[in-house]
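2 protein chains.
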Amino acid sequence: MPGQVQSIARAAAILRLLAGGSGRLGLLEIARALDLPKGTAHGIVRTLHDVGFVEQDKTSGKYQLGAALLHLGTSYLDVNELRSRSINWADPLAARSGEAVRIGTLLDSKVLVVHHVFRPDDTLQTLDVGALLPPHATALGKVLLAYNARGGLGDLVPYTRRTLASPRVLTRALAAIREAGWGSDIEEMTVGVAGIAAPIRGYGGLVVGAIGISGPVERVCDAHGQPRITLVTHVREAARAVSRDLGGRGQ
Amino acid sequence: MPGQVQSIARAAAILRLLAGGSGRLGLLEIARALDLPKGTAHGIVRTLHDVGFVEQDKTSGKYQLGAALLHLGTSYLDVNELRSRSINWADPLAARSGEAVRIGTLLDSKVLVVHHVFRPDDTLQTLDVGALLPPHATALGKVLLAYNARGGLGDLVPYTRRTLASPRVLTRALAAIREAGWGSDIEEMTVGVAGIAAPIRGYGGLVVGAIGISGPVERVCDAHGQPRITLVTHVREAARAVSRDLGGRGQ
DNA sequence: AACCCTGGTCGGCATTGTCGAACACTGTTG
DNA sequence: CAACAGTGTTCGACAATGCCGACCAGGGTT
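Chains as they are written, first to last, in the UniProt record's numbering: chain A, 1 to 251; chain B, 1 to 251.
It should be emphasised that the hints constitute simulated quantities derived from the structure, not laboratory data.
Some clues are possibly wrong.
No copy is singled out in the list; a pair is fine if it fits within one copy or between any two copies.
Subject to a maximum C-alpha distance of 16 Å in a straight line, what follows is the list of computed EDC-like cross-link-like pairs (lysine to aspartate or glutamate) [said to hold, decoys possible]: (1) K110 / D155; (2) K58 / D108; (3) K110 / E218; (4) K58 / E81; (5) K62 / E81.
Hey, can you work out the whole structure from these sequences and the hints?
Here is the structure:
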């Protein structure tokens, strides 16, 4: 595979930097972070500005992401097959389980949320479509990692006392998920919150995403602290349904 | 202003093409659309693929937008000041008016929706954050055009019988909006739907966005087919409130 | 099996973008 | 108040870089 176009790869790195960093960044911060000369960085940023991918705060001169990216991002949702096939099954799952449903896929060792239906009750919730979740601390993420060909595990930062922060423990958990066909996380990212997820298979049986629910531990888990079997069944059935729609073998 | 980085500008054009076009495109379609040699187009697309901005359907070989863009798009929302300042005022406006609220800004002669709160009732609605609306056929758009320094009017395609499709009629309508300080659209984009919008001013009094409501004509308009004065007042007050938050003079 | 179409590759030429230094500006500091 | 340390921006020379067109490889269809 021949090399990449240098300037485009650099431009992408700048955009990722702006997305990851805390909001605005100065030109020099960008140049230093990517180890580029000022002039070079400026040229790239200028064109990114011209095409609307980057905006500049006139007073401080700092740069941030631009409006054009928003439309590109939502356009991606329109063509994403995993999402479009999932939508019909996510709503029933939310209704039956009474919990929030999320569908995610792996984006360089993180979980990208491509669809999200709120918990049926009327509590205030924020839409996290487009958010990146830690793979090792969420049911969605662990399921995706379990079936991931490339073995990257991500950062393994501990969020709570129950987070699986050691590679050995995590790989064993992933093996268990492969064995069972589904996974869960119990207060591993947020205290008081648990989740259940199952893999979605696309054409050829390859795992292309995961669907899962999450909610308060006391509702998601039974008296023994284990995920309720009825909820697990609902999630796995939804995953199979989506897989079937995608043309995969559905488990 | 020195020139742009050629390859980056071309890459952006390809992304826009993929976003605008109907889903997947083949390499040759891309090359032809932008009048590039095959090889050149392939090099750019390959790097876009490597950085995750573009995905390829393995069976058909065609290209589509990639997952990385989704996260960039939502990251833009996080740093967008117009959106963050508006959120607190959009909910009350929706509650008081009983209609859906949208906040938009101008993105090369189209209206980019940066925030959207659903109509308070429980009817099925689709989130159109990130969508591009026609400027000449929506209240949001006409308000934005009215205060736009660069005079581009967009495409002026007629959607309904009442769409303002002629430049002369439209420019006169824009002048009226500047005079009144608010604007409306009555069945100009969709039959049975009307909207009211007012400009949001940022630092220095410059119009940086617009906020508006939209809903069924019979609720938004009175017996004479004119926008209800109470609703207009609510919208204008919300616009002023957001402007004040942004540090502008608020009208 | 010849033909069209597709996407992908390769290498020579020169266009293109990179690079470092100099510029203009702001706010801070000695 | 001047020198300074920051910033973003511009410029021009050099050559590395990415562009281009011809060539290769696979899949359908005729």
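Hint check results:
Taking identical chains as interchangeable, the C-alpha atoms of K110 and D155 lie at most 16 Å apart only when both belong to the same chain, with a minimum of 9 Å there against 40 Å between chains. Proximity of K58 to D108 under the C-alpha cut-off of 16 Å is found in neither arrangement, the shortest distances being 34 Å within a copy and 19 Å between copies. In this homomeric assembly, K110 and E218 never come within 16 Å of each other (Cα to Cα): the closest approach is 27 Å inside a single copy and 48 Å across copies. Within a single copy, K58 and E81 get their C-alpha atoms only as close as 40 Å, which misses the 16 Å cut-off; across copies the closest is 14 Å, which meets it.
Proximity of K62 and E81 under a CA criterion of 16 Å is satisfied inter-copy only: 14 Å between copies versus 37 Å inside one chain copy.
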